[in-house]
Amino acid sequence: MDLAAQFLGSAGARMIVGLIGVIALVSVNALFLIVVERKVSGHMQRRPGPMEVGPHGVLQSLADALKLMGKELITPEEVDKPVYWLAPIVVFLPVLLSFLVIPFSETMIIRDMNVGIVLILAFSTLAVLAILMAGWSSNNKYSVFGAIRSVAQNVAYEIPLLITVMSIILMVGSFKLSDIVAAQSRHWFIMVQPLAFLLYVICATAETNRAPFDLPEAESELVAGFHTEYSGMRFALFFLAEYTNMFIASAIATVLFLGGWHGPVLPGVVWFLIKVYAVVFLLMWFRWTFPRVRFDQLVTFAWKILIPLAFVNLLITAFILKIL
Amino acid sequence: MISLAPRGGIKGETDKTFGKRYSGLNKGLVTMMSYLKEIAVGFYSLLAGMVVTIRYFVKPIVTVQYPRQKLQMTENYRGYPQFIIDPETQTHRCIACEMCARICPSQLITVEGTKFPEAKQKRATKYIHEHQYCSLCGLCVEVCPTTALEFSKVYRLAGYTREDCVIDHLVLLQKRQQEAGLPATPIPTAAEIEAAKAAEAAAKEAKAKEAKAKAEAKAKEEKEVKE
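Protein sequences appear in the order of chains P and D. So the mapping is simple: my numbering equals the position in the first sequence, first residue as 1, plus 643. So the mapping is simple: my numbering equals the position in the second sequence, first residue as 1, plus 18.
Everything labelled a hint here was simulated from the structure, so no lab data went into it. Please note: incorrect hints may appear among the correct ones.
[Claimed, not checked] Dumping the calculated EDC-like pairs for lysine to aspartate or glutamate here, alpha-carbon to alpha-carbon at most 20 Å:
(1) Lys133/D - Glu116/D
(2) Lys193/D - Glu106/D
(3) Lys819/P - Asp755/P
(4) Lys682/P - Glu695/P
(5) Lys88/D - Glu695/P
(6) Lys947/P - Glu56/D
Just so you know, these numbers come straight off a predicted model, no measurement behind them.
Construct the entire structure; sequences and hints are all you get.
Right, dumping it as structure tokens:
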């Protein structure tokens, strides 16, 4: 650590240590979330979920991960090879980068950039590019359909998402995530902006391609959607990215609406993680409650309901801020 | 759920509103109200759905972890037939009448029996049930004159070969008697059966001889009376 600090300066050392921590967090988080997802889905259907590997099946996803690592990486003959190989990496890198600016506590933040929220939103958009790359290069009709749906969906839901986030930024006057959290020391923004929270959660569900908006990977019609042709670790990377995206979307919700690291008694990072996983649970709850929407419903919902509501919310926020 | 019409807006009223330009603010307000109402109703129904799932989430699970946890079968479950253990004699009641073997549509029952010297009735010495052919019709259970058969509650019947499915009822009975802590009913050996048969034949012969002697004596008596 000292040696690294000598060579790279304290900022560089912080970066490297942080990245190692992030990679560990990403993999552990994905393994954990997969088990939790299966447990939650099981209990909502009154069955126990995985029970065989480890106590109450907690090591099930570890076993699955080991199996995936051992599997053959199949490259179908007619695929567009460079793009096909690049897509899993492109889907995973922005996910990793988003962790740079997430404030886990007052001090646990790798780089507190003054454009933090913009950086996260920009990088999360890159995931769509990766999905499009995967779908297009796979040379498979189901993959292409999944990719096309994903693009249309993400374009539609990005707009209300950004407008909703704008109303929070209007209140704080800063893009810096630590500033946004610090502004919530007295009351969380969910209390003053409940509609914004609601809109954000809906958009985040759609952005992470989760049910009821999981059309890009609707298994009943598209086999597995954009990752139909992927196997082994390449498939695992898509999976990892999906669950990490869920974590990031929940982390942003925590930062913007639930007061980030603020909370009594426990240290900030614990509070942060509790809140993040509470939002993750909410997303899982959605998934096992609501049936998948039809595609026209999905797009109509975004353009006719979410976007107007987001604009109204922004207008009201701006109006109130001007008066006060 | 919000009814999201593909085109024409909410309930098709928007088009009408825009069609008649000067229909007034009133109609626009009505449309607006129905739009907001639709959102509110839809949101409420989503919440109702979430309440249902969370209620199920906290309810206890209903599935059984099969190899570790097993269910007791209900009274009317039909497993393979087996001997009833008579509470008085603590053994089976089969008299080897072969009614079951004859009525069985798949002809999968083989019964053999012998009358032992001290017994009043015949007893089964062999009862083989080839369960791989059984359709569990229950005719054997119904036809039995001494009600010697019942349906078992066993449902784990997997085997590696067809021969694994063949059930020897007398062996099975011994096993169940052991489990219940009762004295096991011995299965007669071939020698014992032979001896019993011989004894039976001898008894029959003796009886026949006696009868013959009796008849002869009677005939003689009658003759004497006539004379």
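Status of each hint after checking the structure:
For the proposed pair Lys133/D and Glu116/D, the alpha carbon gap of about 14 Å is at most 20 Å, so the pair holds. Distance hint between Lys193/D and Glu106/D is fulfilled; the C-alpha atoms sit about 18 Å from each other, no more than 20 Å. Of the supplied pair hints, the one linking Lys819/P and Asp755/P holds, its CA atoms being roughly 7 Å apart against a limit of 20 Å. Annotation: proposed proximity of Lys682/P to Glu695/P holds, straight-line Cα distance about 13 Å (limit 20 Å).
Taking the CA atoms of Lys88/D and Glu695/P, the gap is about 17 Å. The hint holds against a cut of 20 Å. Between the alpha carbons of Lys947/P and Glu56/D the distance comes to roughly 12 Å, so the proposed pair stays at or under 20 Å and holds.
Checked against the numbered hints given earlier, the structure satisfies every one of them.
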